[in-house]
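Enquirer: Chain by chain, the residues:
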Amino acid sequence: MLVELRFHGRGGQGAVTAANILASAAVLEGLYAQAFPYFGAERRGAPVEAYARISDRPIERHSQVREPDVVVVLDPEIPKIVDVARGLKPGGKIVFNSPSAPLNSEELAARSWCVNATRIARELGLVVSGWPVVNTAMLGALVKATGILSLDSVVKAIKDYFKGKGRLGELNAEAAVEAYKQAAPCPH
Amino acid sequence: MTVMTLTGNYAVAYAVKLARVQVISAYPITPQTTIVEKLSEMVDTGELKAKMVRVESEHAALATVFGAASAGARAFTATASHGLLYMHEVVWWAAASRIPLVMAVVARAIGPPWNIHVDHQDIFDQRDTGWIISVAQENQEVLDLTLQAFRISEDPRVYLPMMVGLDGFILSHTMAPVDVPDQEEVDDWLPPRRQPYYIAPETGVVMGNIVPDDDYYMLRYSMQKAMEQAKKVIEEVDREYGKRFGRSYGGLVECTLCDDADYYIVITGSWAGEAKEAARKLREEGYRVGVARIRFIRPWPGEMVRELAARAKGLVVFDRAISFGSKGPLFLDVAATAYGLTSMRGVIGGLGGSDVTADDIAGVVRDFVGEVEEKGSVYEPLYWLFPAKYRGKFEAKEVVA
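Here the protein sequences come in this chain order: A and B. The first sequence begins at 1 in the working numbering and counts up one residue at a time. The second sequence begins at 1001 in the working numbering and counts up one residue at a time.
Read the hints as simulated data drawn from the structure, not as lab findings. Some clues are possibly wrong.
[Said to hold, decoys possible] Here are some of the chain B residues that sit facing chain A, going by a computed Cβ distance under 7 Å:
| hint | residue |
| --- | --- |
| 1 | THR1005 |
| 2 | MET1175 |
| 3 | GLU1274 |
| 4 | LYS1276 |
| 5 | GLU1277 |
| 6 | THR1337 |
Glycine included, C-beta positions come from ideal geometry on N, C-alpha and C.
With the sequences and hints as input, model every part of the structure.
Expert: Quick look at the structure:
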């Protein structure tokens, strides 16, 4: 089993952190994992990508993820400027932070999952410099949509990541749990 | 032991901490910086009791740890690319003074044009300096090699400094699970540094002074002898480490799928992962392909390469660097070792971080096997595996002698 994932977000939105936490969660389940940023110059607000691989065997490949099984989109505006379905495997899923799939393709929309992570983050007060922090919520939605890992592992990995940072661990874990509850196939 | 999800750079930092390094000095450069950032944090919190010396350049950084090591301290630095070029003079000083120390080199292309991504040009630029030079494939191996580097470098049969190479971004900034041993286990395995001579106020030691030419010659000869000894030490340390920590890599060369192989991919660094994937795929198609991953560029594992060549129908050597006007540096060593024994192709790929997939590698090997089977014998020292978007627009096979 090898699952390859691509995260789309904006610089500063936490796509790389989401990939890292996901990899840690996989390791907690005794799986092998990799997480890496797009190797380029990143600027706050500009579209960015991050990647993860999860496998039950040691992962040998290090080349770029070209044909992801799962795509996670942290910002609903990103699909207007980036082809988020690029290379997506047949049957692969897209998980959107959006109330509905921001796509023209019916076929892709039919295998997309939606969650309003922005609302969840705002309600929990997870806002930094005016930006809702949606990455941890999106991890909850991701595991609901794909079942690749358990919600428990994701919650534990989030708490580990925020260890020593006060209530942030609890709040981010709650965001993931809430998103897990709310995520559903996109309405169409 | 604890399994942590770490970047390659953090794996270096944890190994340095476990080795109880006493003096660290470095100058920031992408993609190395997070190694010394992490180490600074560890020193700041008291987790690591070491002296962190801030300096104005890489030249000064290596000079500082060279000085500290000459005074008997366990010392460490890290750099990449232009930083490594800038310290090049001191790289020679450390080795020819026979002072053990360890440096992580996060492999990165050399500019201009500016590029922060992986290739091996910076590492191969140090090839002849008298350092032991290793290159890792995975983050776990980065930690293991860094720990082993202190044992190898400080072994009285060796007394040469050692570089641990790890591919920029592909390892340095990629998180992966790493088994981090307990401090007590490492303490038990890695004794405190011992040195027969060191600089101290009360002892007079002259280092690097002018010597008669004939003695200079003999000192160079002794460095070569130490390199030969290092081969044995590297194998020993790898075996002992395996017994203690459960991981062995085969010493100087890690051979995968080699038992019944007719053809071998010879490669070093993280893209050996893609090579192994390619070999498995090719085996499903009926090609008997193995992967000889060169873990140590210096000392050169000539014996193993010669042994493989003697029973191979062909070798495909992948270089992520080039000696302009000649060939890939890894190919040059392979050819010098195995010329006349078997067919060879020297491939240049992945310069400046240009992405290479398992399919790319499989394609080159398939094509090579076809040619060998057709012609009987092939010698192609320069084959360009161009980036995907330029493929077919230039001649891949260059006729050179």
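Enquirer: Indicate, hint by hint, whether the structure satisfies it.
Expert: Going through the hints against the structure:
1. THR1005: Nearest chain A Cβ about 4 Å off; hint holds.
2. MET1175: holds (4 Å)
3. GLU1274: holds (6 Å)
4. LYS1276: Since chain A brings a Cβ to about 5 Å from LYS1276/B, closer than 7 Å, the hint holds.
5. GLU1277: holds (5 Å)
6. THR1337: violated (26 Å)
Of the numbered hints stated above, the single one contradicted by the structure is hint 6.
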